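From first to last, the protein sequence lines stand for chains R and E.
Quick note on numbering: the first sequence equals residues 1 to 112 in our numbering.
Quick note on numbering: the second sequence equals residues 113 to 221 in our numbering.
Calculated directly from the structure, the hints in this document are not laboratory data.
Bear in mind the structure is a predicted one, so any value in this text is a computation, not a measurement.
Don't take every hint at face value.
Said to hold, decoys possible - Below, a list of computed lysine to any residue pairs in the SDA-like style, where the Cα atoms sit at most 25 Å apart:
(1) E:Lys208 - R:Ile12
(2) E:Lys208 - R:Arg73
(3) E:Lys208 - R:Gly16
(4) E:Lys154 - E:Thr174
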Amino acid sequence: KAGVTQTPRYLIKTRGQQVTLSCSPISGHRSVSWYQQTPGQGLQFLFEYFSETQRNKGNFPGRFSGRQFSNSRSEMNVSTLELGDSALYLCASSGTGNSPLHFGNGTRLTVT
Amino acid sequence: QKEVEQNSGPLSVPEGAIASLNCTYSDRGSQSFFWYRQYSGKSPELIMSIYSNGDKEDGRFTAQLNKASQYVSLLIRDSQPSDSATYLCAVLGTDKLIFGTGTRLQVFP
C-alpha cells in the first residue's frame with residue numbers, strides 16, 4: 001500500500017508570494033491533517049479535513065487555508081508569504097476513529 | 113501549561129542500555145497515545161500506539177501508560193546507535209492530535 005505522498009518536496013519562494021502544497025493520503029484514508037514544523041515550535045497543527053469538510057483548525061492566521069477533494073487528496077495554500085513561514089509542512093492521513101496519523105515526507109518551504 | 117510536555121534532552125545513553133523517554137499531558141479525557149520517531153531531516157514515523165493503562169511491548173520498545181497520573185513513557189531496550197533520533201509523544205485530545213516538542217536521544221557506541 002502506498003504511503004502518504006506530498007509534492008513538491010522543496011520550494012523556494014519570496015516574501016509576498018503564495019504557495020500551494022499537495023497531499024495524497026493512503027488509499028482508504030479519509031482524514032487528512034496538516035502540520036507545520038519549525039525547530040523552535042515543534043509540530044504545530046494547522047487543520048484537519050474529513051470528507052471534504054474542515055473538521056478542525058489550529059491557531060494560524062487566515063493566510064493559511066486548505067481544502068480536500070472528493071478523492072481525499074488535499075491541498076494547503078499560504079498567501080502573502082512571510083519569512084516566518086519557512087518550515088517543513090507535513091501532511092498526515094488516518095483511518096477511522098482513534099487511528100494514528102501516518103505522515104508524508106513533507107514539503108520544505110523556504111521564504112526569502 | 114503545555115498540553116503535551118517532554119524533556120527536550122538530549123538524552124545520552126550507551127549502546128546496549130535502556131533508554132527511558134517520558135511524556136505528560138494535560139487533557140484528562142485523552143484516550144489515545146502515540147510515540148513517533150523522527151530522524152533529522154525526515155518526517156515522523158509511528159513506532160507505538162497505546163490506548164489502555166499498563167504496558168505494551170513491541171520488540172525492543174515498551175510503551176507505558178498511566179492515565180491517573182497523565183503520564184506515558186517509552187522504553188527502548190538494547191539501545192543501538194541507529195535509535196539516535198528525536199522521539200515525539202502525541203496525545204489525541206477531544207478533537208485533535210497534539211504533539212510534544214520531542215526528546216532527542218543519542219546512543220553512543
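Notebook entry, point to check: Okay, which hints does this one fail, numbers in order?
Noted result: 1 and 3
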